[in-house]
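Order-wise, the sequence lines are chains A and B.
Under my numbering, read the first sequence as residues 1 to 350, first letter to last.
Under my numbering, read the second sequence as residues 1 to 342, first letter to last.
Don't take every hint at face value.
[To be verified] Under 7 Å between C-beta atoms, here's a sample of chain B residues computed to sit facing chain A: (1) Asp29; (2) Trp34; (3) Ala152; (4) Asp274; (5) Thr302; (6) Arg305; (7) Pro307; (8) Val319; (9) Val322.
[Said to hold, decoys possible] One-sided and incomplete, this derived list gives chain A residues near chain B with beta-carbon spacing under 10 Å: (10) Thr20; (11) Trp27; (12) Ala51; (13) Lys75; (14) Met167; (15) Phe177; (16) Leu195; (17) Ser204; (18) Val279; (19) Asn283; (20) Gly309; (21) Gln314; (22) Trp315; (23) Val323; (24) Ile334.
[What the hints assert, rightly or not] Pairwise CB distance ranges, derived in the manner of DEER restraints: (25) Asp245/A - Lys229/B: 40 to 46 Å; (26) Arg147/B - Arg97/A: 53 to 59 Å; (27) Glu176/A - Met237/B: 49 to 55 Å; (28) Leu188/A - Thr107/B: 34 to 40 Å; (29) Val35/B - Val144/A: 53 to 59 Å; (30) Arg294/A - Thr84/B: 42 to 48 Å; (31) Met237/B - Gly30/A: 30 to 36 Å; (32) Ala246/A - Leu54/B: 49 to 55 Å; (33) Leu62/B - Arg294/A: 23 to 29 Å; (34) Thr107/B - Ile334/A: 28 to 34 Å; (35) Val24/B - Thr139/A: 34 to 40 Å.
Since the hints were derived computationally from the structure, they do not count as laboratory data.
Fair warning: this is a prediction, and the values are worked out from it, not measured in the lab.
Don't be surprised by glycine CBs; every beta carbon is placed ideally from N, CA and C.
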Amino acid sequence: MSRLAEFIFRRRGRNGWHWTDIVTWLWLVGGLFIMFGPAVWLVGSSFKSPAALAEFPPTIMPYVTQKATVEGYDKPLDLYEVTRPDGSKAVLAEVRRIGIVAQMVAPEKPTDIVKVNIAERTPVRTMSFATTNYTEPFTHFDFVRYLWNSVFVTVTATLITLIVNSMAAFALSKYEFRGRTFAMLLILATLMVPLSVIMVPLYSIVSALGLFNNLWGVILPTVATPTGVFILRQYMLTIPDELIDAARMDKASEWQIYWRIILPLTAPALAVLAIFSVVWRWNDFLWPLIVLSRKELYTLQVGLSIYSGELNVQWHFILAMTVVTMIPVVLVFIFLQRFITTGIAGTGLK
Amino acid sequence: MKANVPRRSGSGLGEAAMVPVRLVMGAVDAPLRWVQRRLGIGGMATFFLLPNMLIFGIFVLLPFFINFAYSMTGGTALFLPDRTFVGTEQYARLFDCVNYADPNSCTEDTFWTAVGNTAWFVLLQVSLMILFSLVTALILNRDLMARSFWRAVFFFPVLLSPVVVGLIWKWILQRQGLLNFGLYSLGLEPHTWLNDRNWSFAATVGVSIWAHMGFYTLILLAGLQAIPKDLYEAAEMDGTRPARAFWRITLPLLMPNLLVVVVLVLIRAVQIFDEVYVLTGGGPGTSTLYLTQYIYETGFATQLRNPGLAAAASILMGVVLVILTLVQLGLGRKGENKGARK
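The following block holds chain A by itself, in its conformation from the complex (with noise of 0.2 Å):
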């Protein structure tokens, strides 16, 4: 044990304890709480039966009472170990509950009732995992369906945003032409054009194209980013131009040479953008939810939050189905950390 607080405590540099390791090691463990505590309670929820779930004080693993059937009863009844009078323990079935007295049977003995004060019992309980959480949503709501939309508007948008951002980027790294500096600047002005100014107009100019009710209308107005057509020019730049004059010489068209050479190139940020363009549109809520009406368009997201605002919340559904909503950008996580932290502080973008 002390090797291990040893191997856990050692720092490099100076020896001894200055106040500002305690407050390193405390500021560390609790943002571990605070940070992963909240997502962990949530996948722990989500296995819970909504009995389980209603129960305060609750518990972190997922509990359900054991039942057993009892001979002459319809239903399984409820175990509780009980504490006779003797300090002798037994396990009993409940029948029925009247005030603070239970009146129980042996499951042996279904005709003794016995009765028997509710604070001399305890339930026994075992870990159980409502499944059912997670299966049902897929056949009693349209949950596929969202997820199939949340995909598709995802996996279109990156594919359209990578292709259009990679062209624009060639021309405005790879070629002089008059109003060059001009579109520069004004792909960089509409980073100052949030969402939330233009909803009003953007909302009319989509209805206008028959796009309202449409996945359509959630992917078009999203896919020309400034922020991509940016990473991917400063990367292009870097591309010698001595390439494509050669490409040139041996009779290459421009778009082979954008499609041949340029972009297998700039496949490192490319794969940047499209980290980020998947965790963009699959994050998407205000947009869709203005276009979405209809509930057999809905993604994820605008599903997930409509089904959490209804009055008669089904908590247990809601949580396993945010679960399975975290599951894409959890494995985004782990598996391209790397390249999102490196995207960000090299570019300071989101």
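Using the hints, position chain B against chain A.
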């Protein structure tokens, strides 16, 4: 980032997936050669730029300009030609107040409530966000074991969707949630947090900090790591106390990053919507109603929707954002110059 020499190796699966892409890209080559003959090489630049600019024009620039027209019209009609011109009436309505400090004295009382809420939110959230992300960045910049792990811990919520963030915390803050359980086990009274005006406001501030802190921590950490270590060694040799080194070395050299972060946080805080909408829905009452939600509800959600009024409010918000962005660009330029001089 620098471009690498292309590698000619690839996994079999990746290669197989590339086949249709190659076919499509190759098939469009012949017609595009024809286009190139007509336009010339320079004209191809326009061709490459066109799709992006078209989408930009239709979905960003056009709405931006007709937003002004919208704010000058009244009625509930959606399309601009069907709307009646009212001049500056919508703005007059927004600004029609007896006393600007008291939203109840205004015709559009919810707008001023939203403005007031947003102002308080921005003030609190921005200062706390900067404080927490700066402290976290300073701590992560120390000689730590497993630094990338700890960095990931603080960064993790950044990628979660606002809806997921809202639901996670709604679940924790509800009557039988984790927070009340914690209070209960400490022998304290549970509380219905999201039904309390002040607590739900505090919750929106806290949750938005929780969700976005890691992002700003990363930017600040990058700034801290760019500070040359020999400065600190020199300071240590001169017997400078750590606190003094912080104020005299760390803070001034971090200033460009810090200013960028301040403006980024400000711009985001003014537009806060998603998490709050899921967490509190603007309630209880109007205690967490912020500007974007006001615009959304005025423009789309209420029975008596008024797109003109929403457009006018969004333009006012846009003005604030443009000012903040220009400040950011100015500061960014200053920071670049500083870096160049070093």
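Comparing the hints with the structure gives:
A distance limit of 7 Å between C-beta atoms decides the matter here; for Asp29/B the minimum to chain A is near 5 Å, and the interface restraint holds. A hinted interface residue such as Trp34/B counts as satisfied when its beta carbon comes closer than 7 Å to some beta carbon of chain A; here the least separation is about 10 Å, so the hint is violated. Checking Ala152/B against chain A: minimum C-beta separation of about 6 Å stays under 7 Å; hint holds. Because the beta carbon of Asp274/B sits about 5 Å from the nearest beta carbon in chain A, less than 7 Å, this interface hint is met.
Hint on Thr302/B is violated. Least Cβ distance to chain A is approximately 13 Å, over the 7 Å limit. Residue-level restraint check for Arg305/B is violated (minimum Cβ-Cβ distance to chain A is 10 Å; threshold 7 Å). Interface restraint check: Pro307/B against chain A, minimum CB-CB distance 5 Å, threshold 7 Å, status holds. The interface hint given for Val319/B is broken, as the beta carbon of that residue sits about 9 Å from the closest beta carbon of chain A, more than 7 Å.
Contact between Val322/B and chain A, as hinted, is supported at the beta carbon level, the nearest pair being about 5 Å apart and thus within 7 Å. At its closest, the beta carbon of Thr20/A sits 8 Å from a beta carbon of chain B; the interface hint therefore holds under the 10 Å criterion. Here the hint on Trp27/A is kept, as its CB sits about 5 Å from the closest CB of chain B, short of 10 Å. Evaluation of the Ala51/A hint against chain B yields a violated restraint, the C-beta minimum of about 12 Å exceeding 10 Å.
For Lys75/A, the suggested interface contact is broken, since its CB lies about 26 Å from the closest CB of chain B, more than 10 Å. Below 10 Å, beta-carbon pairs count as interface contacts, and Met167/A has one with chain B at about 4 Å; its hint therefore holds. Hint status for Phe177/A relative to chain B: holds, with the closest Cβ pair at about 5 Å, below 10 Å. Look at Leu195/A: its Cβ gets to within about 8 Å of chain B, closer than 10 Å, so that hint holds up.
A hinted interface residue such as Ser204/A counts as satisfied when its beta carbon comes closer than 10 Å to some beta carbon of chain B; here the least separation is about 5 Å, so the hint holds. With a cut of 10 Å, the hint placing Val279/A at the interface with chain B holds, because the nearest CB-to-CB distance is about 6 Å. Hint status for Asn283/A relative to chain B: holds, with the closest Cβ pair at about 4 Å, below 10 Å. Restraint check, Gly309/A versus chain B: the minimum CB separation of about 7 Å is within 10 Å; hint holds.
For the restraint placing Gln314/A at the interface with chain B, the shortest Cβ-Cβ distance is roughly 13 Å, beyond the 10 Å limit, so the hint is violated. Of the supplied interface hints, the one on Trp315/A holds, with its beta-carbon coming within about 7 Å of a beta-carbon of chain B, less than 10 Å. For Val323/A, the suggested interface contact is upheld, since its CB lies about 9 Å from the closest CB of chain B, less than 10 Å. With a least beta-carbon distance of about 9 Å to chain B, the hint placing Ile334/A at the interface is held under the 10 Å criterion.
Checked against the hint of 40 to 46 Å, the pair Asp245/A and Lys229/B passes, with Cβ atoms roughly 43 Å apart. For Arg147/B and Arg97/A, the hinted distance range of 53 to 59 Å is satisfied, since their beta carbons lie about 56 Å from each other. Checked against the hint of 49 to 55 Å, the pair Glu176/A and Met237/B passes, with Cβ atoms roughly 53 Å apart. A hinted range of 34 to 40 Å for the beta carbons of Leu188/A and Thr107/B is consistent with their spacing of about 38 Å.
Range check, Val35/B to Val144/A: about 43 Å between beta-carbon atoms, so the 53 to 59 Å window is missed. Between Arg294/A and Thr84/B the Cβ separation comes to about 30 Å, which falls outside the hinted range of 42 to 48 Å. Separated by about 34 Å at the C-beta atoms, Met237/B and Gly30/A satisfy the suggested range of 30 to 36 Å. For the pair Ala246/A and Leu54/B, the supplied restraint of 49 to 55 Å is violated, since their beta-carbon distance comes to about 32 Å.
Taking 23 to 29 Å as the suggested C-beta distance range, the pair Leu62/B and Arg294/A conforms, at roughly 26 Å. Distance hint for Thr107/B and Ile334/A: a CB-CB separation of about 52 Å, inconsistent with the stated range 28 to 34 Å. The hinted window of 34 to 40 Å between Val24/B and Thr139/A holds, with their beta carbons roughly 38 Å apart.
Violation of the numbered hints given earlier is confined to hints 2, 5, 6, 8, 12, 13, 21, 29, 30, 32 and 34; the remaining hints are satisfied by the structure.
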